[in-house]
Amino acid sequence: MKYQLDATNLLCPMPVIRTQNRVAELAEGDILEVRCTDPGVLHDIPAWCRINGHEVLDQHRDDASIIITVKVHGD
Amino acid sequence: MTQRKAVALISGGLDSMLAVKMIQEQGVHVEGINFFTGFCVEGHTHAIRNRDQTKPKRNNALWVAEQLGIKLHIIDVIDEYKDVLLNPKHGYGKNMNPCLDCKGFMVKKARQWMEANDFDFIITGEVIGQRPMSQRKDTMPVIARESGADDRLLRPLCAQHLPETLPEREGWVDTSQLGAITGRSRHEQMALAEKWGFRDYATPAGGCCFLTDASYSKKLVDMWQHRGNREYELDDIMLLKVGRHIRPNQRFKLIVARDAGETSYLKGYRKQFTHMAATSHGGPVTLIEGEPTRDDLELAARITARFGQGRNADLVTVEIHPVGGESVELSIPPMPASEIAQQWYV
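Line by line, the protein sequences give chains R and L. Residues in the first sequence are numbered from 1 upward in steps of one, following the numbering used here. Residues in the second sequence are numbered from 1001 upward in steps of one, following the numbering used here.
There's no promise every hint is true.
[Unchecked claim] Derived pair list, reagent style DSBU-like, types lysine-lysine, alpha-carbon separation capped at 30 angstroms:
1. R:LYS71 <-> L:LYS1005
2. L:LYS1218 <-> L:LYS1195
3. L:LYS1108 <-> L:LYS1267
4. L:LYS1089 <-> L:LYS1108
5. L:LYS1089 <-> R:LYS71
6. L:LYS1071 <-> L:LYS1094
7. L:LYS1071 <-> R:LYS2
8. L:LYS1241 <-> L:LYS1108
9. L:LYS1005 <-> L:LYS1218
No lab work stands behind these hints: they were computed from the structure.
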């Protein structure tokens, strides 16, 4: 399943916390598309994914937003 | 034999990093926990200001976790933390920092997490004598007791100077392999960092919390005084980290961006605040908090113009956008720096 999360107008670490809490509700293989505005997420969300075993499939800018696509992996 | 599990308070600084490594070396599984109070000095501050663009926009707690190869759980405690800040049982430090209550609160939250996740003990990077309030030999037992962690709270860096804890008594860790560090010198920590190959670790000048900062604390108290109560939301305490705060009278305060990064950040609040910016010249965005009169808005426009590229012009056009009202343009002379009273600066 593919899900979306709006983390715009939040500064790090809030987008990371929102991503972490949403991912905890998802199943292995689910995709979460996170929309953000703080450029700090370009470092922080991939770092959070690496240490917690999830995968960043894509990250790109769209107008004023940054969109990071995360694939959820199990423990 | 069952592998024991410890949860570590990770601030993003060197000490908690070394404490984790010391325990990992003894075969214990460690995961990190980091609490976001809203007052943390962290990557979001770097994202706001231009002058920090050269620094890596990293969250230091995440970076530490990655270096150590541990999971990190970041917990939003903004609402719960209000009671710690507003009603500290042990009072404040030099500024608005309730360090002892804060540490007790965080260890209590870690203890709850430990119990919910079937972990065995808690570790912190505390060092006896390093902080005047929370890291003293006489206050460390207070934290252990009031948090409910009791002897499941282990401070690896100075464990040899403290009473034996459960992990030591049970042989989950060997005390002789733990530290005996005391005081504010960083030599031993730096030697351990070298030994384990940790480089590029964070060294925040003022600690990891804005509440230890005199200027920030002054703005916080000013906000409470002018509102007549001590309620706050995340946006309130974030805005205190940004811009020049200027209060020409009791009716209103200006928040004037100091650079393009702050202007970009303050633009995110345009729907919530009356705001203004010069249109005839380059310059900052200013937010207005309070109940300004028309004359106050003209004064604010003159101050805004003073901080823009038109500061030496005869007239600057400033567009004012009231919340829910029609925009107006004023053509005004920028206020000379000498007319902005020092006591207006919060």
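Hint check results:
no., hint, verdict
1, R:LYS71 <-> L:LYS1005, "holds, 27 angstroms"
2, L:LYS1218 <-> L:LYS1195, "violated, 41 angstroms"
3, L:LYS1108 <-> L:LYS1267, "violated, 38 angstroms"
4, L:LYS1089 <-> L:LYS1108, "holds, 15 angstroms"
5, L:LYS1089 <-> R:LYS71, "violated, 44 angstroms"
6, L:LYS1071 <-> L:LYS1094, "violated, 34 angstroms"
7, L:LYS1071 <-> R:LYS2, "holds, 25 angstroms"
8, L:LYS1241 <-> L:LYS1108, "holds, 28 angstroms"
9, L:LYS1005 <-> L:LYS1218, "violated, 42 angstroms"
The structure does not agree with the numbered hints 2, 3, 5, 6 and 9 stated previously, though it agrees with the rest.
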